[in-house]
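Note that the protein sequences, when read in sequence, are chains A and B. Going from the first sequence to my numbering is simple: count from 1 and add 15. Going from the second sequence to my numbering is simple: count from 1 and add 15.
Treat the hints as calculated values from the structure; they're not laboratory data. A hint or two may mislead.
Remember, identical chains collapse to one label, so a pair may be satisfied in a single copy or spanning two.
[As the list claims (entries may be wrong)] List time: in silico DSBU-like cross-link candidates among lysine-lysine, alpha-carbon distance up to 30 Å: (1) K433 with K185; (2) K344 with K203; (3) K152 with K140; (4) K389 with K370; (5) K83 with K237; (6) K203 with K237; (7) K185 with K370; (8) K196 with K251; (9) K42 with K178; (10) K24 with K185; (11) K200 with K370; (12) K237 with K344; (13) K200 with K344; (14) K140 with K74; (15) K370 with K237; (16) K344 with K24; (17) K370 with K196; (18) K178 with K433.
Number of protein chains: 2
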Amino acid sequence: MEYTGHGGKAIVERVVSSQSQARELIKGLKSVAVTGRTARECIGIAYGFFTPLEGFMHKADVDTVCEKMTLANGTLWPIPIVFDIREEEIREKTIEKGNTILLIYRDRAFATLEVEEIFNYDIAKMKQAVFGTIDAKHPGVKMYDGFEDTFIAGKITLVNRPKFQPPFDKFWYTPNQMRQKIAEKGWKRTIAHQTRNVPHSGHEWLMKGAWFSANGEMPVEKLETGILVSCIIGPKRLGDYIDEAILLGQQKLHDAGYFRDDIHMVSFVMWDMRYAGPKEAILHAIIRENLGCTHHMFGRDHAGVDSYYDSYDAHRIFDQLPQGSLNIKPVRVLEWGYCPICGEVTYSGLCGHNKERQAFSGTMIRSIVQDKVKPTRLIFRPEVFDQVIESAEKYGFGSPFCTEEYLDKRQPVFELAKL
Amino acid sequence: MEYTGHGGKAIVERVVSSQSQARELIKGLKSVAVTGRTARECIGIAYGFFTPLEGFMHKADVDTVCEKMTLANGTLWPIPIVFDIREEEIREKTIEKGNTILLIYRDRAFATLEVEEIFNYDIAKMKQAVFGTIDAKHPGVKMYDGFEDTFIAGKITLVNRPKFQPPFDKFWYTPNQMRQKIAEKGWKRTIAHQTRNVPHSGHEWLMKGAWFSANGEMPVEKLETGILVSCIIGPKRLGDYIDEAILLGQQKLHDAGYFRDDIHMVSFVMWDMRYAGPKEAILHAIIRENLGCTHHMFGRDHAGVDSYYDSYDAHRIFDQLPQGSLNIKPVRVLEWGYCPICGEVTYSGLCGHNKERQAFSGTMIRSIVQDKVKPTRLIFRPEVFDQVIESAEKYGFGSPFCTEEYLDKRQPVFELAKL
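Next up, chain A with everything else stripped away, as it sits in the complex (with noise of 0.2 Å):
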């Protein structure tokens, strides 16, 4: 069956389906080694998690992306997807328009891209568009500051598909296998909720809450509504959680039946977050347009860092966007905390107790982690503590949190084969 996608157009996949085609394909390419972002990119690309891109983009594009917000043919787009190159390279390996390059990660054969346009930008006017600032310590704008001076826009072809390995293999849906899943469950509406945490219980309400927002008006004998954790996995800083513990932390509070398990479900996006606020907001709804959702979740600070965004701005874009523009919702959530007068896990638009209710606090949630002492099951569930722990004695060399050890030593995300 043939899904659609953003901006009216088939879900894209573009992978080669046997080695033997593959090997083929890549006979006598030039090649060209790439980054982990870049290598992520091709990934969400080639399996229509950006649909309708088909590559990387062209000048046109990233023009209208900043300037308008859309694509060239006015298909709304936030942020320029971009294949970024050292002109030397390019000249050291004559590498032209009309070429197609083999694109190497991890010593292995892993996309090819058609060279359609070489071309220059100003990295400055990306900044201030995707960022709305050119400050060098915005961790988006330093990732633009480490683009190569060149760009190449081209199609993407998959011709090595990645192995996810456990934990993540289990939690891999591309959006076409998203959308089979969904059928199968018999969701009419699918509401998104994006995260890089392992969740307390104001996430977990963060979920219930909006879940009766995009149910709506829905009968509820029969549950045609779910809920999709999509967790965000890409470059790690010290001090995150280890993936391993966010995504199998997610699972257990499905496991342990805090969630039923006809309503949600647990996976993952590669993607790196450029911390934009309001437009990532965007880009983080059309990617889950495109896996099937019909809603998503936007809290506090959504994709915001710093003070670079005010708490709401990624809730008010949305209202600026063109009528038909996006097919998925946007559902947006105040704050859960704790009320000690409720007793409970409460809501800043329903409970009165704006005195008395406390915020999550993720410092707060860390160090009891860190410490390992068991914290109330109001607040974090015990099931979801253990779970935590056991990865990090698994997967974390003993820690939750990344440590120059997790980020040297980890397994990798994802094994390539030999072709």
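Fit chain B to the known structure of chain A by using the hints.
Quick look at chain B alone, frame taken from chain A:
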């Protein structure tokens, strides 16, 4: 401002504005004493709770209500609103079509009724249509069995405004007043909660969850979704909560901050419950549509009694209504209960701990209240508990539940002036 109510008609208001005008109007009219039920229905009609009804129903309307669940003009209507009278009284007082008669309640002139039709009706047909049963043990059937033998159809005009007594006075809003109040509050969506209960935290969360459903995908920075607790005030039975405890207990959730001031209010409707399950659910929806609500929550066993209806019959009936027949949306709710694993009040549509989750037992809560043992705040809010005890002392002759003494000596809900 003229507001549009059910059936696309302006909210009915048939109330004489001055006593002198009223005295003029009733001069020389034949008078008929009416029961509390009829008096409450006169209020319902005259203030537009039953818009588009302007009076008691004609035979043709009762026919279509029974046969097609509509008025004769096609407007959705589930339950006959009829004026019953002994044929003997009609004969003795020579009441005839074309007369206007004066209705007397508690020895005071109350309303006029324009006699447009005098008719008999097959009560068994009415019972079967409304209740789906003619079983004399059904309390609605019992009510119908008590009807006098003849009916008068015709327009009602209130000549004596009920003066609601404390604490009822501050909760009384006619449909026109409620529309104005909602406009002042800036609510674009208002969801009605129907109740005859002092709230425990299961009720509180039913409202909180339904609020999200009504809010849907709307922005949340400026909250424009409100909860209207719409209590039913009518005849009481031994052991029911006293009316005063219901209203003041619901209001206490507000005053003690369990609901934010800007998203919640408490009011009431005069109505004698029929316990007609699904058909009564539609009537409740129509009344709240007239009050200006956009949504109405329906939980398990709405307006049901014993096992005459399936727990979710009142959910299902809304799927059978013709498009556009009702200008208010049902928000259907499963069950909220206390889950010891979650350590909090949870929803059966979300929490997977089906074996462990405990339904809130009315009997358990009643026994807690009866014994004056303050329950845990997760189950019953202490401020509400204190309010119930205070109401018992002040209004209930020491008991929060209706006793013979209360039924006999209670303060009337409203007084009528001597014209």
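How the hints compare with the structure:
no., hint, in the structure
1, K433 with K185, "within (23 Å within a copy, 78 Å between copies)"
2, K344 with K203, "both (14 Å within a copy, 19 Å between copies)"
3, K152 with K140, "within (17 Å within a copy, 78 Å between copies)"
4, K389 with K370, "both (27 Å within a copy, 25 Å between copies)"
5, K83 with K237, "between (42 Å within a copy, 28 Å between copies)"
6, K203 with K237, "both (11 Å within a copy, 29 Å between copies)"
7, K185 with K370, "between (43 Å within a copy, 28 Å between copies)"
8, K196 with K251, "within (29 Å within a copy, 52 Å between copies)"
9, K42 with K178, "within (22 Å within a copy, 93 Å between copies)"
10, K24 with K185, "within (28 Å within a copy, 58 Å between copies)"
11, K200 with K370, "between (42 Å within a copy, 23 Å between copies)"
12, K237 with K344, "both (22 Å within a copy, 18 Å between copies)"
13, K200 with K344, "both (20 Å within a copy, 26 Å between copies)"
14, K140 with K74, "within (13 Å within a copy, 76 Å between copies)"
15, K370 with K237, "between (39 Å within a copy, 20 Å between copies)"
16, K344 with K24, "within (18 Å within a copy, 34 Å between copies)"
17, K370 with K196, "between (44 Å within a copy, 28 Å between copies)"
18, K178 with K433, "within (12 Å within a copy, 88 Å between copies)"
Checked against the numbered hints given earlier, the structure satisfies every one of them.
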